[in-house]
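*Asks:* Okay, here's what each chain looks like letter by letter:
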Amino acid sequence: MESYKKVIDLLNVLREKNPLVHHITNYVTVNDCANITLAIGASPVMADDIKEVRDMVSLASSLVINIGTLNERTVESMIEAGKRANKLNIPVILDPVGAGATSYRTETAKRIMDEVKLAVIRGNISEIKTLYGINTQTKGVDASESFSSDINELKKEKHMAMNFAKELNTVVAITGAVDIITDGNTVYSVKNGHPIMSKVTGTGCMCTSLIGSYIGAGKDNITAALAGVVSMGIAGEIAYEKLAENHSGTGSLRINIIDAIYNLSEDDISRRSKIDED
Amino acid sequence: MESYKKVIDLLNVLREKNPLVHHITNYVTVNDCANITLAIGASPVMADDIKEVRDMVSLASSLVINIGTLNERTVESMIEAGKRANKLNIPVILDPVGAGATSYRTETAKRIMDEVKLAVIRGNISEIKTLYGINTQTKGVDASESFSSDINELKKEKHMAMNFAKELNTVVAITGAVDIITDGNTVYSVKNGHPIMSKVTGTGCMCTSLIGSYIGAGKDNITAALAGVVSMGIAGEIAYEKLAENHSGTGSLRINIIDAIYNLSEDDISRRSKIDED
Amino acid sequence: MESYKKVIDLLNVLREKNPLVHHITNYVTVNDCANITLAIGASPVMADDIKEVRDMVSLASSLVINIGTLNERTVESMIEAGKRANKLNIPVILDPVGAGATSYRTETAKRIMDEVKLAVIRGNISEIKTLYGINTQTKGVDASESFSSDINELKKEKHMAMNFAKELNTVVAITGAVDIITDGNTVYSVKNGHPIMSKVTGTGCMCTSLIGSYIGAGKDNITAALAGVVSMGIAGEIAYEKLAENHSGTGSLRINIIDAIYNLSEDDISRRSKIDED
Numbered sequence: 000m001e002s003y004k005k006v007i008d009l010l011n012v013l014r015e016k017n018p019l020v021h022h023i024t025n026y027v028t029v030n031d032c033a034n035i036t037l038a039i040g041a042s043p044v045m046a047d048d049i050k051e052v053r054d055m056v057s058l059a060s061s062l063v064i065n066i067g068t069l070n071e072r073t074v075e076s077m078i079e080a081g082k083r084a085n086k087l088n089i090p091v092i093l094d095p096v097g098a099g100a101t102s103y104r105t106e107t108a109k110r111i112m113d114e115v116k117l118a119v120i121r122g123n124i125s126e127i128k129t130l131y132g133i134n135t136q137t138k139g140v141d142a143s144e145s146f147s148s149d150i151n152e153l154k155k156e157k158h159m160a161m162n163f164a165k166e167l168n169t170v171v172a173i174t175g176a177v178d179i180i181t182d183g184n185t186v187y188s189v190k191n192g193h194p195i196m197s198k199v200t201g202t203g204c205m206c207t208s209l210i211g212s213y214i215g216a217g218k219d220n221i222t223a224a225l226a227g228v229v230s231m232g233i234a235g236e237i238a239y240e241k242l243a244e245n246h247s248g249t250g251s252l253r254i255n256i257i258d259a260i261y262n263l264s265e266d267d268i269s270r271r272s273k274i275d276e277d
Numbered sequence: 000m001e002s003y004k005k006v007i008d009l010l011n012v013l014r015e016k017n018p019l020v021h022h023i024t025n026y027v028t029v030n031d032c033a034n035i036t037l038a039i040g041a042s043p044v045m046a047d048d049i050k051e052v053r054d055m056v057s058l059a060s061s062l063v064i065n066i067g068t069l070n071e072r073t074v075e076s077m078i079e080a081g082k083r084a085n086k087l088n089i090p091v092i093l094d095p096v097g098a099g100a101t102s103y104r105t106e107t108a109k110r111i112m113d114e115v116k117l118a119v120i121r122g123n124i125s126e127i128k129t130l131y132g133i134n135t136q137t138k139g140v141d142a143s144e145s146f147s148s149d150i151n152e153l154k155k156e157k158h159m160a161m162n163f164a165k166e167l168n169t170v171v172a173i174t175g176a177v178d179i180i181t182d183g184n185t186v187y188s189v190k191n192g193h194p195i196m197s198k199v200t201g202t203g204c205m206c207t208s209l210i211g212s213y214i215g216a217g218k219d220n221i222t223a224a225l226a227g228v229v230s231m232g233i234a235g236e237i238a239y240e241k242l243a244e245n246h247s248g249t250g251s252l253r254i255n256i257i258d259a260i261y262n263l264s265e266d267d268i269s270r271r272s273k274i275d276e277d
Numbered sequence: 000m001e002s003y004k005k006v007i008d009l010l011n012v013l014r015e016k017n018p019l020v021h022h023i024t025n026y027v028t029v030n031d032c033a034n035i036t037l038a039i040g041a042s043p044v045m046a047d048d049i050k051e052v053r054d055m056v057s058l059a060s061s062l063v064i065n066i067g068t069l070n071e072r073t074v075e076s077m078i079e080a081g082k083r084a085n086k087l088n089i090p091v092i093l094d095p096v097g098a099g100a101t102s103y104r105t106e107t108a109k110r111i112m113d114e115v116k117l118a119v120i121r122g123n124i125s126e127i128k129t130l131y132g133i134n135t136q137t138k139g140v141d142a143s144e145s146f147s148s149d150i151n152e153l154k155k156e157k158h159m160a161m162n163f164a165k166e167l168n169t170v171v172a173i174t175g176a177v178d179i180i181t182d183g184n185t186v187y188s189v190k191n192g193h194p195i196m197s198k199v200t201g202t203g204c205m206c207t208s209l210i211g212s213y214i215g216a217g218k219d220n221i222t223a224a225l226a227g228v229v230s231m232g233i234a235g236e237i238a239y240e241k242l243a244e245n246h247s248g249t250g251s252l253r254i255n256i257i258d259a260i261y262n263l264s265e266d267d268i269s270r271r272s273k274i275d276e277d
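For the protein sequence lines, the chains are F, R and D, in the order given. Heads up: the first sequence begins at 0 in numbering that gives the first Met the number 0, then just goes up one per residue. Heads up: the second sequence begins at 0 in numbering that gives the first Met the number 0, then just goes up one per residue. Heads up: the third sequence begins at 0 in numbering that gives the first Met the number 0, then just goes up one per residue.
None of these hints come from the bench; they were simulated from the model. Computed from a predicted model, the values in this text were never measured in an experiment. Glycine included, C-beta positions come from ideal geometry on N, C-alpha and C. Among these hints, one or two may not hold up.
Taking beta-carbon pairs under 7 Å as the criterion, some of the chain D residues facing chain F (in silico) [what the hints assert, rightly or not]:
hint: 1; residue: 34
hint: 2; residue: 37
hint: 3; residue: 45
hint: 4; residue: 50
hint: 5; residue: 132
hint: 6; residue: 133
hint: 7; residue: 162
hint: 8; residue: 257
hint: 9; residue: 265
hint: 10; residue: 266
hint: 11; residue: 267
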């Protein structure tokens, strides 16, 4: 089956199943994460107290861990919820926001990787390189080493992602100018999206929430990661076109992204998706 | 006086008085709660540290307690602020977000009900049933057992709400396809709103903030609860109509709701409100 | 050079340099602060755990401390980050949200002023009076004693701001109907903005984030404060004009403000800025 058709199928399952996605996430983009989860057709729940995360995750179809504004209290909750999810066979998605920027972030992300079995890790190239053990420089949490469109560089990065996915027995999704999604065997490259998306905070976090929504629907981890990345990219394109048409700006772009996800159609996916499979 | 006229009168008082509404609330929808409080004509203040909640609530006209992202630290602040408000005769509104989903939420909501005298409790049907002691299943914090439009079911639920209100000597507001607002004697049913509102996070929280705004203006608890519920329902209808006209989505819906509350007119209320009094 | 030209020059440097602005801020308006920082051309990073704030601030070009939802944990992080920034010669901007409302806020703001060398303090007139030691009454954190447009009152307030700036060897920015920006020698008055801006939460916080963005670009503290205040005022005007044209409301206003900052042009600044220098 062609890749974009798998995305369409999973979107239909998602909208039918309306999976509950438990998030332990940051307070910067949490509202956007909740609203994009609702827009795609899933249900979000945000709960981070150690006293309830085990109970909450057991009701959920997936768990999203996002370390964007981590602190000592919530890190313990992330680990607890993650372990519980593992026991119950509920897939866990990690967004290692800002790994590489501070040693606390890097170490926390690595600790989560050690203690929790992850279904998907989604990050930008510097975050993923950091976790894989390549020294890199992260400039804060929103900015990132720009993803090279140079063919050789891209090849190297695919190679790294595949090795990382194999070692951890997980799916690795790197988002940038070209997105890479791999489980160590299959590798997808996606060329959807628009550079202006980096001018809105949370497009990465929202992408992770979409992956959490798709994985909660089907549990085919690589298709879920692909679907989340492609959906976000297409929504960004539609949102930018509306911005350009209305001469608006990045405040509107953020709203347009949620609107585009809410209205995401089979036709949008089949006409717009730019997926290559190696 | 007809019910909708009471709502109009209270809206006018609110806009004249500009009451300060102290919120101890969740970090998911807090920005929307603040902006809708401003939009209706009140002033929000969000403060949750135990060191200042007593001082802050004493400046306020009402206190909104929302347990959406409760934690050990903020629960103590909720109780402290609530007790202080009781002493000063400042009305307290509880939004028991997700009660029933985890025992921590259920117990915390019940603890607040035990230790703080509440002017209004606003929740969906599963949250209210949970607090009343009927076993129910909550799917996360945003979703809820859908409110039956079956006449017999609705009758039973009104009965439950009245008993609950009498027992606690409070106003109970249950929001859903049909909203029920009762102080144990009078019962209002409201049929405003649109199903799409459940596709935006925080419409429940915002409704509670509106009740807090109205109650800060007048302190007639049942009219304030009615006014909050009706205002939110009407805003949802107007917001949906604009969405449909512009072929936008739920990102825009959220903005449209705040816009509609800002522009809420006597005419909107008299033409649109669908209130039945038993 | 005329004042507005300095603002234009600094905006151009900012967009070229893309400075990283570390925020320790409140959870009510944090998303808007991040998005406006991106919209003006800087990069935001929000991090508040004591274990990482020293590392994070050392990567940044400026530090914004906003006490809007302060708590015991984050106050310690603010102090630690501030001290570290001082050591590294990274400018620190304080937004003393709600100082005067509770003694905890007043004391915390004063403690920060004592322990951290501040490049700029931006607040409304009651917050600044409180910090300067004049008893005043603050109604919550968003509302404020309205800024007198009375000439004599304005003179007194300029005098107070100058003394305060001299004593603390900092830049003081007071925002209101007329904004005052002073380093104790130069005093700018700015008459941009629109009263409706007070009907959206976070316009003050966003202004502070803009100052943090400008100061990260150039480190000329008074020009950065002026540029932040003027940019916010102009964005408010443009946003209001769009609201009026579309008959929308304050939900849209908030989006329009971010859009206007994203599109802020040399022409907007030269045509619209209303800056007087004493």
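*Asks:* Measuring from the C-beta of residue 162 of chain D to each C-beta in chain F, is the shortest one below 7 Å?
*Replies:* Residue 162 of chain D check fails; min Cβ-Cβ to chain F is 37 Å, beyond 7 Å.
*Asks:* If you take the shortest Cβ to Cβ gap from residue 257 of chain D to chain F, is it below 7 Å?
*Replies:* 3 Å, holds
*Asks:* Holds or violated: is the Cβ of residue 45 of chain D closer than 7 Å to a Cβ in chain F?
*Replies:* At 5 Å from the nearest chain F Cβ, residue 45 of chain D passes the 7 Å test, so the hint holds.
*Asks:* Could you check if residue 266 of chain D really has its C-beta closer than 7 Å to a C-beta on chain F?
*Replies:* 14 Å, violated
*Asks:* Holds or violated: residue 265 of chain D as interface residue toward chain F, Cβ cutoff 7 Å?
*Replies:* 16 Å, violated
*Asks:* Minimum Cβ distance from residue 133 of chain D to chain F below 7 Å?
*Replies:* 34 Å, violated
*Asks:* Checking hints one by one. Is residue 37 of chain D an interface residue toward chain F, by the C-beta closer than 7 Å rule?
*Replies:* Given a least distance of 5 Å, the restraint on residue 37 of chain D holds.
*Asks:* For the restraint on residue 132 of chain D, tell me whether the closest CB of chain F is nearer than 7 Å.
*Replies:* 33 Å, violated
*Asks:* Identify whether the interface hint at residue 267 of chain D stands, where standing means a beta carbon of chain F within less than 7 Å of its own.
*Replies:* 12 Å, violated
*Asks:* Let me know if the C-beta of residue 50 of chain D comes in closer than 7 Å to any C-beta of chain F, holds or violated.
*Replies:* At 4 Å from the nearest chain F Cβ, residue 50 of chain D passes the 7 Å test, so the hint holds.
*Asks:* Holds or violated: the hint that residue 34 of chain D contacts chain F, with Cβ atoms closer than 7 Å.
*Replies:* At about 6 Å, which falls below the 7 Å cut-off, the nearest Cβ of chain F leaves the hint on residue 34 of chain D intact, so it holds.
Of the numbered hints listed earlier, those contradicted by the structure are 5, 6, 7, 9, 10 and 11.
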